[in-house]
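Student: What follows is the residue order along each chain.
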Amino acid sequence: MSKKNLIVVGNGMVGHHFLEQFVDSDAAAGFNVVVFGEEPQLAYDRVHLSEYFTGSTHADLAMGTAQWYADKGIDLHLDEQVTEIDRDNKQVITPKGSYSYDELVLSTGSFPFVPPIQGNDNPHCLVYRTLEDLDQIRASAEGGKVGVVVGGGLLGLEAANALKSLGLEAHVVEFAPRLMPVQLDADGGALLRKKIEDLGVQVHTEKATSAIVEGEDHRLRMNFSDDSHLETDLIVFSAGIRPQDALARSSGLEIGERGGIVINNQCTTSDANIHAIGECALWDQRIFGLVAPGYTMARTLAGALNGDSEAAFTGADMSTKLKLLGVDVGSIGDAHGQTPGARNIQFNDGANGVYRRMVISEDGKKLLGAILVGDNGPYDTLLQYALNSIDLPASPEVLILPESEGGAPTLGPDALPDTASICSCHNVTKGDICGAIDAGCCDLGSVKGETKASTGCGGCAALLKNVVDCELEKRGVEVSKDICEHFPYSRQELFHLVKINGIRTFHQLIHDHGKGHGCDICKPAVASILATVWNEHILATDHVALQDTNDTFMANMQKNGTYSIVPRVPGGEITPDKLIVLGEVAKEYNLYTKITGGQRIDLFGATLSELPEIWEKLIAAGFETGHAYGKSLRTVKSCVGSTWCRYGVQDSVGMAILLEDRYKGLRSPHKLKMAVSGCTRECAEAQSKDIGVIATDKGWNLYVCGNGGMRPRHADLFATDLSDEELIRAIDRVLMFYVRTADRLQRTSVWMENLEGGLDYLKQVVLEDSLGIGEELDAHMQTVIGTYQCEWKTAVEDPEKRKRFREFVNDERKDPVQQWTQERGQRRPVVETA
Amino acid sequence: MSNKTQWQSVCHIDDLVPDSGIAVWTEDGPVAVFYLPNRIPCLFAISHTDPFSGANVLARGITGDLKGQPVVASPLYKQHFNLETGACLEDTSIKVTIYPVLLDGDEVVLEVPIKAHDQAVA
Ligand SMILES: Cc1cc2nc3c(=O)[nH]c(=O)nc-3n(C[C@H](O)[C@H](O)[C@H](O)COP(=O)(O)OP(=O)(O)OC[C@H]3O[C@@H](n4cnc5c(N)ncnc54)[C@H](O)[C@@H]3O)c2cc1C
Ligand code: HEM
Ligand code: SF4
Ligand code: SF4
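Residue numbers (numbering that gives the first Met the number 0), protein chains in the order written: chain A, 0 to 833; chain B, 0 to 121.
Take the hints with a grain of salt, since some may be wrong.
[What the hints assert, rightly or not] Here are the in silico distance ranges between beta carbons for each label pair:
| no. | chain 1 | residue 1 | chain 2 | residue 2 | range |
| --- | --- | --- | --- | --- | --- |
| 1 | A | Gln818 | B | Gln5 | 23 to 33 Å |
| 2 | B | Thr84 | A | Gln818 | 29 to 39 Å |
| 3 | A | Ala620 | B | Glu106 | 35 to 45 Å |
| 4 | B | Ile113 | A | Asp810 | 15 to 25 Å |
| 5 | B | Leu88 | A | Gln818 | 27 to 37 Å |
Simulated from the structure, these hints should not be mistaken for lab results. We treat Cβ as the ideally placed atom computed from N, Cα and C, and that holds for glycine.
Using the sequences and the hints, build the whole thing.
Tutor: The following block contains the structure:
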């Protein structure tokens, strides 16, 4: 069977790309490929056309070589314009002959629009599209002094730059009131204008040229409709492009109202054997004046011709980032805010020449578009948000604020190297997690299943979630911030709902704002929020079923179902009498005793029914609950300080006790630890705590957001030489801001790393009250402190609450599964050997 | 082994804690009874023994629903058990015993197997 003919009209960027995609495909074997190009040169990189003025030659810009065409058996006709398509006989006609086609591809690009101004046919009126155009501009510039570009859009500014580089005094004349009217708003345009004028290009806006006549001092004179005028030696028109659809028009193919060859998703025109790709094609009423969408069309068509039923062009992102005259300009998505309800956020720093604007959806959740002038730094991040419909942070403006003003957030987990260990139980690194995601896991659950991460002690759950979310986001997957299937909200959002709507029970919250009956994720989270906001007893009837077992029974459950008891020992200071009571109680109930790392004593092995009895005795001796079971303040560790230590400069024990008494019982998204050292030797290791205080000659230095554990983090210095009052106010605010804004199970360190603006932002909020919420935070903390109760005291005094501590409600017997053995003089559970 | 059963009264309605569980001792050992007032039926009974740790703790887990199924989460390692079927959601090979449960007046009654030695006595 003889081969069919495939003819390509137009040897530009997209036409060439199509050939690259097509010639090696299966279908190509059945075709003779013939290409016609009107330009005398082989396809070249038009995007970098301006480099022709700065030393690049056609060979540098060329996309392929004659040799390649020959090797691929492509019959290339350059400098041969197709003048007609004879659809009836399936032929194209050129001045040199007629050629039959079976399939015809039109990639004729576009041509510059020259406004219908009298005199625009002067030989020194030029356009900026092809190498030949540039040759002409170069020739015209010889002997000239001034050059004008008509049109202050993207291409016009590029052309102005070219004129400047040819040694001309360059002007830009724009009809609209500002530069780049399509992409920029007034402020962005004004800034761009200033920058460009600083570079020596003169800008004239709101000028409509009425005629081009012979000049007096220069070759030409442009008369404007406002009766002003400008003399110049050459004019470059850059007033937009028009799709080159002349052949399609004359042969009766369907054409858009304002031009462009109408194509379907397979890039086929109204004639099944004729296809159009690149800037000449009109898809869904749209022309794509950029090269990337053209390439996509080329690939689509090559696929379709190979019978790939999936191949489809479905539109393209028109975001652009470029440097015009050395000035960064970026435009993303719906930059004009044409989406109904769209809102704008602007940042305008005239002094530093930076303008940024975000267009966000009505609900503030999505980025629809953006404009950047002066610095394209945030472009990539913004593009990700827009392209992937990623939910914006609560205060989206941080995305465009400079770092010094609390902006430019870096996503915490991103900073971790691939070798970072995320789950030490199963030795899972960040790299392993990325691998699992790349292998197809697309949510937290499947990553857990695949890597086993966070299925051990679970301590890494929050970090794992952060990493997975971050990696998924990087891969364009939208990550749900919903706390669980029952509430479409994050913890922070739930906090606001509770606080603003005065919600006091879980039932009311799930009824008003959630669905279903709740689960072990949302119930404790809500319980913690309710506790922070209202501070009611955690065993109040409405809250009892919400709590984790540790909170319900106010003790930590151990592996055999027994519990530990950790009374509070503020600052680690304890009287001998109290020590004796601890010893006596432990002896009576045969409890294993151990000194914790938090400077207190842990009593292990109490059964459920023993808990209230034991606590009754401890309370009688003056002990209080230590909240070792809660997501709340654990201990404030201290060194011995100035009262005994010969180096001490402040009473660290006194301060530790003061802090521990102040913040005990504060429910928070995760546990809180603090420490106070009496001098710079730092014996209390305060810099590894959420709140660390170190004495100075003049007062206290405050460190925040440190932690030990799997991913230790030194606390950051927050403020220096504070008085007692200043110290306490700063801690009050840091803690309250944390409690209000952190995610579930997010420790202060991760919270701060994820806080847009990080430490500096936190300092502003707390020390400078930049949000104006300082007094509210203070008052909230005061309420929490004022409503403190020892949960154990309330519980043992209330017979109803005590009922909860029966092992079996219908039987006095002790749990029979608990088996004990002796070790090092104490009782401990029998451990099964696996 | 016999598969004979008997109904056993285990506690009073006031012993139940809404949206939570309590533990009772039965002829068949420790059983967790859950009272979910917003569901019909509202009583569920499953073994109190957590199969993953062997500890008698399931009554002390948090209840809720996942994809519509009533569940309790083990307080130790947080696996979820379907209260209607006893099936573990995380590990399909694991199932805890379930017991039919009813309210008889103010008494909560459970249907439990009769142990072999009891039959001998009877
Ligand atoms: C100065 C400049 C800067 C640019 N910068 C960027 C940029 O930064 N980023 C970006 O994405 N895009 C940029 N573009 C746009 C980009 O170059 C075009 O999107 C791309 O070239 C379109 O490819 P095309 O093949 O559709 O059209 P073209 O590259 O224009 O190719 C069409 C070819 O068909 C020929 N032709 C037309 N009619 C006939 C006929 N009847 N017979 C034979 N041949 C015919 C034409 O002569 C032309 O050679 C820039 C363009 C210019 C001019
Ligand atoms: C994230 C993983 C962690 C888990 C799951 C975890 C778990 C626990 C539990 C259950 C207890 C209470 C023991 C009991 O009384 O029953 C405890 C106590 C303690 N843990 Fe951790 N811990 C973790 C991380 C850390 C880290 C990072 C540190 C220190 C850097 C730490 C230091 C302590 C100290 C000092 C105590 C005793 C506290 C007290 O006196 O109340 N733990 N931990
Ligand atoms: S107490 Fe020890 S074993 Fe238990 S979680 Fe902490 S480090 Fe691990
Ligand atoms: S930190 Fe200073 S004051 Fe405290 S024990 Fe160490 S040396 Fe003494």
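Student: Could you see if the CB distance from Ile113(B) to Asp810(A) stays within 15 to 25 Å?
Tutor: Taking Cβ atoms as reference, Ile113(B) and Asp810(A) lie about 18 Å apart, which means the hint holds.
Student: Given a hint of 29 to 39 Å, does the C-beta separation of Thr84(B) and Gln818(A) actually sit inside it?
Tutor: Roughly 30 Å apart at Cβ, these two residues keep to the hinted range, so it holds.
Student: With respect to the beta-carbon atoms only, verify the hint that Leu88(B) and Gln818(A) lie 27 to 37 Å apart.
Tutor: Because 29 Å falls inside the window, the suggested range holds.
Student: Could you see if the CB distance from Ala620(A) to Glu106(B) stays within 35 to 45 Å?
Tutor: holds (41 Å)
Student: Could you see if the CB distance from Gln818(A) to Gln5(B) stays within 23 to 33 Å?
Tutor: Roughly 30 Å apart at Cβ, these two residues keep to the hinted range, so it holds.
The structure meets every hint from the earlier list without exception.
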